[in-house]
Every structure is written in structure tokens, then in C-alpha cells.
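6 protein chains.
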Amino acid sequence: MQEAVNQANVLVQALPYMQRYSGKCFVVKYGGAAMIDERLKAQVMQDIVLLRTVGIKPVLVHGGGKEVSEVMQRMGLQPRFTGGLRVTDAETMEIVEMVLAGTTNKGIVSLIHRAGGKAVGLSGKDGNLLVAKKLTPDGQDIGYVGEVVQVNPEVITVLSESGYIPVISSVAIGEDGQSYNVNADHAAGAIAAALKAEKLIVLTDVPGVLANLNDPASLISEMSIAEAEELLRNGKAESGMAPKLQACITALRGGVQRAHIIDGRQPHAILMEVFTDRGVGTMVKP
Amino acid sequence: MQEAVNQANVLVQALPYMQRYSGKCFVVKYGGAAMIDERLKAQVMQDIVLLRTVGIKPVLVHGGGKEVSEVMQRMGLQPRFTGGLRVTDAETMEIVEMVLAGTTNKGIVSLIHRAGGKAVGLSGKDGNLLVAKKLTPDGQDIGYVGEVVQVNPEVITVLSESGYIPVISSVAIGEDGQSYNVNADHAAGAIAAALKAEKLIVLTDVPGVLANLNDPASLISEMSIAEAEELLRNGKAESGMAPKLQACITALRGGVQRAHIIDGRQPHAILMEVFTDRGVGTMVKP
Amino acid sequence: MQEAVNQANVLVQALPYMQRYSGKCFVVKYGGAAMIDERLKAQVMQDIVLLRTVGIKPVLVHGGGKEVSEVMQRMGLQPRFTGGLRVTDAETMEIVEMVLAGTTNKGIVSLIHRAGGKAVGLSGKDGNLLVAKKLTPDGQDIGYVGEVVQVNPEVITVLSESGYIPVISSVAIGEDGQSYNVNADHAAGAIAAALKAEKLIVLTDVPGVLANLNDPASLISEMSIAEAEELLRNGKAESGMAPKLQACITALRGGVQRAHIIDGRQPHAILMEVFTDRGVGTMVKP
Amino acid sequence: MQEAVNQANVLVQALPYMQRYSGKCFVVKYGGAAMIDERLKAQVMQDIVLLRTVGIKPVLVHGGGKEVSEVMQRMGLQPRFTGGLRVTDAETMEIVEMVLAGTTNKGIVSLIHRAGGKAVGLSGKDGNLLVAKKLTPDGQDIGYVGEVVQVNPEVITVLSESGYIPVISSVAIGEDGQSYNVNADHAAGAIAAALKAEKLIVLTDVPGVLANLNDPASLISEMSIAEAEELLRNGKAESGMAPKLQACITALRGGVQRAHIIDGRQPHAILMEVFTDRGVGTMVKP
Amino acid sequence: MQEAVNQANVLVQALPYMQRYSGKCFVVKYGGAAMIDERLKAQVMQDIVLLRTVGIKPVLVHGGGKEVSEVMQRMGLQPRFTGGLRVTDAETMEIVEMVLAGTTNKGIVSLIHRAGGKAVGLSGKDGNLLVAKKLTPDGQDIGYVGEVVQVNPEVITVLSESGYIPVISSVAIGEDGQSYNVNADHAAGAIAAALKAEKLIVLTDVPGVLANLNDPASLISEMSIAEAEELLRNGKAESGMAPKLQACITALRGGVQRAHIIDGRQPHAILMEVFTDRGVGTMVKP
Amino acid sequence: MQEAVNQANVLVQALPYMQRYSGKCFVVKYGGAAMIDERLKAQVMQDIVLLRTVGIKPVLVHGGGKEVSEVMQRMGLQPRFTGGLRVTDAETMEIVEMVLAGTTNKGIVSLIHRAGGKAVGLSGKDGNLLVAKKLTPDGQDIGYVGEVVQVNPEVITVLSESGYIPVISSVAIGEDGQSYNVNADHAAGAIAAALKAEKLIVLTDVPGVLANLNDPASLISEMSIAEAEELLRNGKAESGMAPKLQACITALRGGVQRAHIIDGRQPHAILMEVFTDRGVGTMVKP
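Protein chains in written order, with our numbering: chain A, 1 to 286; chain B, 1 to 286; chain C, 1 to 286; chain D, 1 to 286; chain E, 1 to 286; chain F, 1 to 286.
Read the hints as simulated data drawn from the structure, not as lab findings.
One thing to keep in mind: the hints can contain errors.
Remember, identical chains collapse to one label, so a pair may be satisfied in a single copy or spanning two.
As the list claims (entries may be wrong) - Below, a list of computed lysine to aspartate or glutamate pairs in the EDC-like style, where the Cα atoms sit at most 20 Å apart:
#  : residue 1 : residue 2
1  : Lys41     : Glu94
2  : Lys118    : Asp176
3  : Lys118    : Glu154
4  : Lys66     : Glu91
5  : Lys118    : Glu161
6  : Lys66     : Glu94
7  : Lys118    : Glu175
8  : Lys41     : Asp176
9  : Lys236    : Asp215
10 : Lys41     : Glu67
11 : Lys66     : Asp37
12 : Lys134    : Glu175
Let the hints inform the model, and build the full structure from the sequences given.
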């Protein structure tokens, strides 16, 4: 009986958050351990379906570099990177699209259905959602690597208002109809901005932004856009963290209220962030 | 941190119930200790607002015999009862209406607003909601005591679909425009039936229907309509329980899916009933 | 036959007024003799229902000081006034709410139904309609007497657009959840302003604003806001007339087109004002 | 002042009729003196606009035999009739259409606008409203005289729901695209039936159906369909009255509630019929 | 088979135009040979119905001077013109209205139905569509000849959005309720402007605007508003062309995108203009 | 000029088909040469976009066996078939999904955008669109090969009504969340039935159903369901034709009006079938 009492208390504590966020849009960048561990995967999907059930409109954005490299290797190709970006020739681009828009995306859709929700998987080509132009870092040609220059969010809105959870893979389309491989963190930031989302939530495999990379206790629980930009400029952000911080900045500059970088290895990290007064990870605010 | 994890788990456990009941109407008969104790009052209102927040449409129905008797005494009048029914002369009827539709009803509305919800208080006169005819038990004239013969639920629907929680006091109107004092349990059952509600939840000051009135451990956790009718027919139901059982029967006969008699002295009893797999009190089903 | 011809002519004369006001909102401050005499009561309700039937959206606002004092006396309490305001301790406030939101309000609702209309009774607590803060005239504490500082008219709009006539009693709610006794004339003026009503019509027991209080023939049939303010400033308005003039000023300053102070003792005074070219009482215009 | 009181009383007496008929459709067959006398014309239009203003949806149907004959004579043609039907060769048909759909129809539309309403004139060709087949009474070919075999009321509904008063001339279209001259009384009956109108009101130049054609005092104020059919069968109906009775029967058989044949020479006869308890003319009921 | 291939190619070539114009409004001034020759008439109606079928909203405007003169002569009246304008006494005005709003208008409506579309015929009196004031060229009184001073396009919009093709005759109404004969080209230009149409298409009996009136090869295929105004100012426009150029200028000044003067003697000239890259006639642009 | 006239004539000939099919749903099974040849691909997309532009709601269904085998071989796997079905172990299933839902599906979406349309790619997992159960032909286990047992077309309808062309790959989901490889012809037939489509159009690489497989001139241009079933039963249908005939039967049994098997090697075969009176290929009707 005491257990039931505790359960009721938890629900009551979540009430103010439900009231505050009902009807709002949350963009979740899904990745890392939470996309590999079977149990964590199922838990993230429960979190997402719960958001939807209490009236929040979640949108999932994902990449999948690991899966891409695996398939490449099975096909006898050697993944190559330069400056953290995958060198993407035509054959590699085809594999990126197959894996992200085919296997990974539809797998997430299927998990959401198993958790009791309704989802539709999209790539940046659907409804011309993500338009990219070619990236040439330091003038180098690294193939079909692009950056998002336009977001057409109409298809997200149509699906979201009909009760579906849109799941978006980070493949974009060039003006010439060419497919481009874009960074999923960046795509999530741009989509959040285009939707004027309430929150951007980025899942990582660390506790959040750390002041000292070797000390998990040095978590910075809150920072301003200015501090985030300072961190990027100084090159003090860890390499994996840089695109995540950039996504937060893009989102906030575009009108998003709050951006969060949280630890996806933590079970139900999204619910903890959203529905308890114990924030987790790092919050960036305007 | 462990606490946050537990909180998340509780929310996840509540998810299937939220999904099942979203968009459905619940009629709650409010009364007893839960209507007197300040803390319990606030908790019931939190429960009601939480139902609304996760997409359920709650409707509150209340009486208030105690408050009526108090005001009568302050005005030098002696409350009289016969067969459990208040003898209601014209002056008493005026006090019943003042207290129920004035003080009690508006007090509940105000508490719901404090819990973050939006409410509108109604009596059976508003929108001709509850139409009654005079009751003459065993041919006796006991004044303006009536039974509900028609429910016009349109005003409930209008308010409910605009996001308000309707709060209804058990005062009805005769075809001649006369006010009638009606039993609040009966009114709740009739309203639930007219709305084809998903659930009727009746708050009491006992653990539920007991097989042995003196043994709280003899709780009957589930019964059929037929068993409830049998109990009433045999006169085995405790006097206070009889109208509650009758309300459940009326509701279920009218198309309601489940009726519950639960212990309102238990904090957050409504949430426990609705969102945990540990049912509380007695459930009556068709 | 001649009678039928005359009837038709009257309808035709009313036609331009019906066309002009169709779809517009009228706030009627109900009070005085028209709220006491049984025949006048029924006639006011016919007038209100007729407005609704030809497409106007009437909203009724009422107080009920007389009824409050009567109940206080029946409960052995002595009504006290200072500067025209009722000294309102906690017990008095409870009685004010019981009488206004209970007896009086629901009685009006019931009369409108008898006249063939549909009504819903509200107090300032319903949907947080009237928010008040404590009044301390000349620094004096006279208890729970408040002035309206905010109107949330959404609940009026919802009901009005569903065909109901909202009937509002002058009980407001403080930010702390406390009930406040507010002047019904002031409440009517504030509500008319919040609704951007077409007209505010105030019923009184005199022919209108008189230039010479002792001479009913000295009726001022039309005045500007400036003239009304002048009258108030000079203290030349009769004490009962002052809040009514103030209500007219509040309404017109808030965007209402015309405010009328008319003689509620006159049968069907509202219809005469609205549908004939013979205006009655005093019209205040911007 | 007494006058204003009387005016208010008339409005109140009309209230129950307004309530009963709000939102309902009335088809009015316009013709006779009411279509010739300038003053009567203006009064009929006031009546029609008043119906619309109180929420009734009036539809006007008219013929115009007199005007057709006049124009024919100005063009040197001799109108010919056989069995009450105009022999309609191609040239005559062209004149019928010019006069009815051109002059007469647009003249009525213009008068309604002058009375403050909004109208759109239609012939049976617009939206394929009235489909006819050729009539050959006793096997005789009398040219383009037709009877209505189908009504497509969609265009009436579209205009009526956008606030317009449809005005319909009695020109129909054959399946071959040929224009047909149809009896306006019959057309009105068929339209009323297709719209499931509340009332069909036929204006004539006599007090109603008379038991004795020479005695205006022998007015039959009410009859059943069966009695109307009997009258037609026995040939006892006056020749001008026969198509009007037939229209009433068609309408009632098609689901119309009441049909009225009233004296259009009487000023505001429509208002008298609709809004007073003194019915005028003859009412036919199912 | 080759034929079917060609057919498919034509449809594909039309596709970009269908995409560009879907949902847009086109005003077509109908007149000249295309309104006389039976085959051309049927073809214009096919063109109009095809526009409607691919999602364009066509509106037809027509005059009919020739038909008016014919009927006048049959009635023994002599048509008179001064400066290209018909001297229009009361009797002539009646004939203009009979012919345009009666015969011609309803004839066009009927043809559209035969081509598989749905149409409603209107004159400028319906819904107060075209309001005119009297024209007195050089101070001369030439009777009921007017110029359009106001367009109330609501009735067009209502019908157009319900799937009907509005067909409008050039009869207008004065503020005094008097009918006025207005130039149909001018009316079309004013209507196009009021609707902010995409295109105004004016049918004529010449290939378009010619630089040299005697040389059909001197067609000016495109001109600016300024050039059109220059042409009018210099009096270089042929007398029949002047009102057409004026209509184009009025339309473009009022926000229309393109105005076209095309050869209505050419079968399916409208389709050729709209759906092929081979423009026909003269295009005037802002 | 003559060319423009011909173009107009073609459009006019297409008009009756546009009118007949406007607002209707067409399911197109895309495959064969039309999915390989670059020029044919672009032409099919023009056809599909044209259908959409004239108000038809096209839905594309595709497989892609060839592409799957290619990728398998690049990954060192040997495609195996038994009885025309691909033996589909877990690794093969992953490749099927990657190729169909990733590369092929998104490629089609991109082509539709280039043709000026808006498309969204779906697999049978999105919105639980295609639910399958395992197929075991003759009791044999051939892995994750399934047959469609349920279609949930809601997501198609949502997208279609918002102007998108849904493009669906033939991957289905089992009740256990497992992916299944389903025959694309069968999927198209089941989807057409679930949508109660107007037409199912199946593209092949032969002229249609041939009476004599070696004689292209033996095309059967029309057959009944019964004849189609007879053909299947007798095993006379060519192996590639069997699932296409089955799809037609499924569609027609489910309420589709007409099913067509047409030659996708023919440029614009879809337009020829839909918009000309020269049907192509074989039509199956109920």
C-alpha cells in the first residue's frame, strides 16, 4: 500500500511539469549508448511515448555512425574520417542512406509502436525536410558531406498534429537532388529552431558538459549561450561535445526556450529531466 | 539520484493507464472526509487536475449535508431526517441551495484553480442539468426532496470540451421551476450514465464494500452488477453504502464501463485507483 | 384584425435595431425593483431571452444586498455599512457568497429557463472570472470588500457561443484564493469592458440621471463620458447613482459603444431601450 | 410612452414564435397584388428580411405571367392560353425567361437589398436547380411548358447558409438543355419539399380557401391534406386556387410541416401569420 | 498508339502551368464571336470547365450589346449610340436587363452545365455585387449608363468556394436602387481587381493589340501598364480596344498579376494561353 | 499555331477523365523497367505528379528485388530463391529493409520532388501500415517472408489529405515486431483494397496479360475477376504475372473499381491509361 502512496506522490510531483509543457514541442537528439543497449532503447521509447501521452509533441532525430561503419566493413570498405567528418564518396553515401533511413530509422519506429505509440520515420528527403549544401572544411573535398541550409518542417507538423511521433534520420538533400550526409546533432538543432520547439534534449554518453574532462564531478549544470559559445571558441569543448553545444546554440538562437545535454546511459534520463525538479546534465539557456 | 530513477519508473508504470483513458470521461462523487480535511481536499483537487492534464475529462459531483445542518443550526433551525432523508421544508430548501450551490460548490471551484486547473461550478438548474420529481417515500410528504428523472448533459460537454472541470452540486429543478434536494450519490450515477462515462468513482469513509461491516479486512474488491443488486435487495448493505451501490448500478446500467467505491480518507486514492495496478476499494463491473 | 396589423408594424419598426445589434454582446446590470417584483422579474427575463433569440448575446450581472441583509438577520447578525460599503467579516462574506452565488444566482437561471432560454450561473470564482484585491477606503479595514483588478472573460465567451446566457454574481476571488464582496455595478462595467460589449445597460429604480434629484422631469437623456466624470467629481451624483455612472465610464473607456442607465420599474424597459426609437433613461456615450 | 410599452408587448408576444422557428427554412410563393402594388411589395420584403434577421431562412419563389404578357404585347405577340396554361412557342419561351429571370427576379433582389437584406436571384438553370420535362395536357403540344421532375437544392443551401435570401424564378431546364416554363406554385411546392422546409406560405389575392367562392366569410381556416385532395378531385377549387392547393399537397407529402394560403393584399400578412396567434388565411396540415 | 503518346506529352507540358495556377482565380471577359458562334461557345465552356477541374477558379463576365439591339428592334425601338455608349432611357434599360440578366446570362449557365460544370448566373444586383453611379460623358445625359464605383465580391467567393462558376452580366445597381448599364470590359477589370485575381483574360475578335490596325502581323505580344496607358492617352487604341485596355489597366493596378487580350475566334484560345508556352494575343503586365 | 490547337484539343479530350476521377485515390504498383531506366523513371514521376495536380490522390507502392540482390552480392552473399520467393534469413532481411526503405524509397521521393510534387516515403512499419505473418509455402521455412494480414491506412490518408504523395516500400511488420519481406504486388493490392481506391494500376515489362505468352499481339484487353481467377487456377498465368493478377483480384474483391496491368516500358503509360479513351494493357473489372 505504501508503494501505491509513493506512486501517487510521484505523479503529483510531475503535475506542474505536465501542465507547463502540454501542447509544446520537444526535439530529442537520440544517439550514443541509448541507441545501442536494448534495455536503454526500450526505456527511451517509453519516455518518448509518455511525453506524447501527456500532451507534449516529441520529435526524434538520429544519426548512426557506428552502424554505417559496420555495414561498410561488411561490404569490404574502410571508413575514413578527417577532422571528425566521415569522408563520404558516392558508395559510402549510398550506405549511409541505406543504414540511417532504412535499418536504423525503421527500427526506432518499430520500437515506438511496441511502446504503445504511433510513429512515422522520415529522412531529410521526405517533404524536402532538410536541404543541405556541400561542406568543404578548409577547402577540402570530402565528398557528400553537407550542412543544413534550410528546414521545411511542414511534414513534421502534419504528422505531429495527427498524433504521430516523427523520427528523422540525418540524411539531407541538395538543391541538385543529391543526397548529403549531415551531422545529426546539427540537424536536431536546426529542426528545433525551425519548429520553435520548447526544448532541445541531446542524449550523450557523458554526464553533461564537464569543466574538467577527467572529472565527472565537474559537471556544469547550467550555462548561458554566451558561455557555450566561449567554450566552443576556446576549443575547450571535447570533440564529441562540440557539435552538441553547437546544436544547442543554433536551437536557442532560433527561439527554443531551453537546451539540455543529458546522460543517455542513465535509465529514463529524459523523464528525469522533464518531470522532476532534479535537473540532470547541462542546461543551456538564452 | 536513485529517487529520480524511482520517479521515472512510477511514471512509466502509469503510462499504460494514461494511454487507455486519454479522452475518456470520469465522474467522481466527492464527499466524506475528503471534503472536510484540508489536506485531503487539496490532494483530491491535485488528483482531479492531474486526470485532466493527462487528457482525461473529470466531472465532480458533490453534496454537503453536514454543512447544510451547520448553517441550519446557526439560523436556529433543527435538521430532521426520516429514513435517511432530510425533511426539507421551503426554508430548509433555501438553505440547502445556498450552502451547496453557493459556499460548497464555489469553494471546490476555487481549490481546483489553486491546484492549477480551470473549473466551473454548476447546480442542477444550470442548463436544466438535473430535472427532478418529488419523492414521497412510503407515501409520506417530506417536502422538497426529489429524485432525478432527466439529465441534460449538454452544458457539461460544452465546458469539458473547452478545458474546464465541471463541479456539480446536487440541487435539481422540478418541471414547475421548484428547487429539489436530491441525493448526491444518485445524481452522480445518473450523470455518469447520461455521459456514458468510462468510470464512476465514489469516495467514501470506509475501505469499500465490506462482507462483514465490523471487519475492514473483509473488503470485497470486485463484484458484478448482479451481486450489487443482491446486496441491496437483501438489505445487507450498510445504510450509507446503499445509495453508493445504487449509483454504481445506475451508472453501469447506463453504459459506464466500471464503477469504484474507494476510501477517500486515503491520500491520493483516486490516482492509486486509476494509475496503478493495485486497485483500491471495491470495483463493480457489468 | 387591426391588432394583428399593429403587431406586424411594431415588428417592422424593430427590424433595423435587430439588424444593427445581431451578433453583438450586451451586458445587463440587473438589480433594484426589477429583481424583487415577481412580475417585473419575469418581464426582464422575457426581454433577455428575446435579445438572445434575435441573435444578440446578453450577459447578466447581479448583486443582491437586500437578500444578504435578510439572511444575516435571520442568523442573528447585524449588517453594518460604512461609506455605502458593507463591512464584511469572514462570517458575513460566507453569507454573501451563499446568498448571491447560491440563492439569487440560481433563481435567475431558473427564471430564464422558464422564459424559454438557456442559462448558466457563474460567480467570479468560476473560470477565475473576476479577480479582486482588498479595498481599504481611507485606509480603513472593512474586511473582505474588494475591487475588480482583472477579468478573465473566456468562460463567458465559451458559454455564450454555445447558446447559453451567462448570469454572474458579484463575488470575486483574491490572488490568495480568498472570496471578496465586490460592487455589482463596478463588476458589470469591468465585464462589459473586457468583452468589448456593444452596450452596457444598468437597471435602476429611478428614471435615469436627474439634473435635479427632486424633479423626475429633469432627466438628462444623453451625456458624454466627460459630463459623467464631471458629475462624479463634483459629488453631484446621488449616492446610489455614483457606482452606476462609474460602471458606465469604465465600460466606455474599455471600448463599449453605449452605456444606458434605465428605469427597471418600467415593464420591458430593456426592449423599449433597444428596439424602439424612443430611448428611455440616460445614455452615456464616448 | 404607452406606445413604447405596447411595442414591447408585441415583441414579447412574438417571442415564442421566434424561438420555435429559428434556424428553420420557410418557402414563400410570391405573387398577385403583393407583386404589383409598390407599397405591398416593400412590405413583403420587410417581412422576408425580418424572418431572416430572427434566424429563419426564407426562400422566395415567383412567377410573373402578367409582366410576360405585357412584354409580348409590346413585341406585337398575342398571348394564348389553353386550360389555364400559356401556349409557349420558342419566341414566347425566350420572353418568359427574359422577363422572369431578368426583370422580375432582379427587381425583387434589389428590393430586398433596399429593405436591408442580402439576396441572390436564381432561375431553375442555376446549379441545375429545377429540372423539367415537357407537359402535354390531354396529349396536346403547347410548346415549352414543363413540369418539375427534379429539384437540386444545393445552390439554395450554399447561399442560405452564407446569409443570402435566394429568390427563384419559375424557369426550369430540360435534360436536353431546353428552357421550360413551369407553374410557379408547383415549383414552390417542389422546392419546399426538396428542402424539407418548415413552412410553405403561398400569397394570393383572396382571403384563403373559401367554402363558397362568393362569400369571403366562408373562409376555411384549417384543412387536412385529405380535405385538400378531395377539393381538387371534386373540381370544387377555384381555377386559380387549384395549383396553390396542389403546391401545398406536394410540400406536405414531401415532409413540410405546415402549408399556408394567405391574403397577400393584406399588409404584412406574412408576419401576421408567423408571429401572432391570430393565424390568417387557410392552413393545410399533414 | 503514337497518338496516345502525343496526348500524354501534351498533358505533361501543361503540368507546370497547372501547378502554378492551382487555387488561383481567373476572370474571363466573354464576348465577341466566341459568344455568337455555336461551336466557339461550346469550346469556351469546355475551356472554363477544364480550368475549374484542374483547380483554377474561373469567373465569367459578359455583356451582350448585339442581343440587346436585336430585342429593341423586335419591340420597334431604334438603338442609339453616342461616343460608343448606348443611349439608355428607362425602356431601353429594362430591355438591357431582360436580355443580359435573363436570356444571355442563363444561356451561358446552361452551356456550362452541358459541358459538365456547375454554374450560377448573377447580375450586379445580386449580393450588391456591382455598384454604379451615373455617367455623363462631356456633361451629356445619356440615361442609365453608369460606371462601376464599388465591387462587393463576397457572393462570388461564396459560390466559387462551393464549386460553382459564377457568370456575371454587366448590369449594376445605383445607390438609389436604379439599374445601370455598365461596360462589360470595365466591369470585368473591376471584378478582377476586387478579387485580386491571378489573371484577367479578355476575349476579342482580333489577334490582340496591333501596332498597325491594318496589319494582323503587327501584334504586340507583350506590353507594360505604362505602354498601355500611353496607347490610350494617344488615342491610338482602336475604339473597340480602348475599354479592353482600360480593363487590363484597372485589373493590374488593383493587384492582378497578368492581363491578356486574346483572339476569341481561335478555338480553345483560353487553354492555349494558359497551358502552353506559346502565349497568344497581347499580355499586359505590371 | 496548329501545335497549340492540337495541345488544346488533347486537354479537352482529357477533361471527362479529370472530372470523373477528381478526388479519387489511385494505387500505383511501381516496378520493372520503369524503375530502372532513368528516362522512364522521370516520366512516371511526371505522370504521378500530374495525377495529383488534377485532384487525384496517387499512392505509390514499390519493391526492388534487383537492387537487393546487387547489394547482397556486394556484401558477399548469394541470393537464393525457392518457388519465386527469396529465402530471407536475418542478414538478408536487414539488407532488404536497408535497400527498399532506405535507398529505393527515398530515391523515389526525391524524384517526385524534382518533378514538382511533394512526397513522403513510408515502409510498412510506419504507422503500423502493413502487418504481416510468416509465410511457409508447403510447410517450408524460408525465413522472414510474410504475407500481409492487416493494413492500417490512416497514415496514408493523413499525408494524402495534406497534399503529399505517399511512397510505400514492401517491408511489413509482424505482431512480434519482426520485419518481414512481402511481395510488393500483393502489398499494393491489399493497400488499394484498404483505401477503397478507384483504381489499382500495376506496371510491368510486358504489354499486359497475353493469351499466348509468345505472341504480344494476343493481349487480353479486358477480363472479369472470374476470368482472372480462372487463369490463376489453371496455372496459365506467367510466373511474373501471377502475383500481379492476384493483386488485381484482392483489390477488386475489396471494393476497388478497376484494376489495370500496363506496360511500364511505354513512356507515360499511366497518363495514356487514365486520360485517353485508348486503354492500354489489360483491365480487370468486378
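Verification of the hints:
| no. | hint | in the structure |
| --- | --- | --- |
| 1 | Lys41 x Glu94 | between (26 Å within a copy, 19 Å between copies) |
| 2 | Lys118 x Asp176 | between (33 Å within a copy, 16 Å between copies) |
| 3 | Lys118 x Glu154 | both (18 Å within a copy, 11 Å between copies) |
| 4 | Lys66 x Glu91 | both (17 Å within a copy, 17 Å between copies) |
| 5 | Lys118 x Glu161 | both (12 Å within a copy, 18 Å between copies) |
| 6 | Lys66 x Glu94 | both (15 Å within a copy, 16 Å between copies) |
| 7 | Lys118 x Glu175 | between (31 Å within a copy, 15 Å between copies) |
| 8 | Lys41 x Asp176 | between (36 Å within a copy, 17 Å between copies) |
| 9 | Lys236 x Asp215 | within (14 Å within a copy, 69 Å between copies) |
| 10 | Lys41 x Glu67 | within (15 Å within a copy, 30 Å between copies) |
| 11 | Lys66 x Asp37 | within (13 Å within a copy, 34 Å between copies) |
| 12 | Lys134 x Glu175 | within (10 Å within a copy, 42 Å between copies) |
Taken one by one, the earlier hints all hold for this structure without exception.
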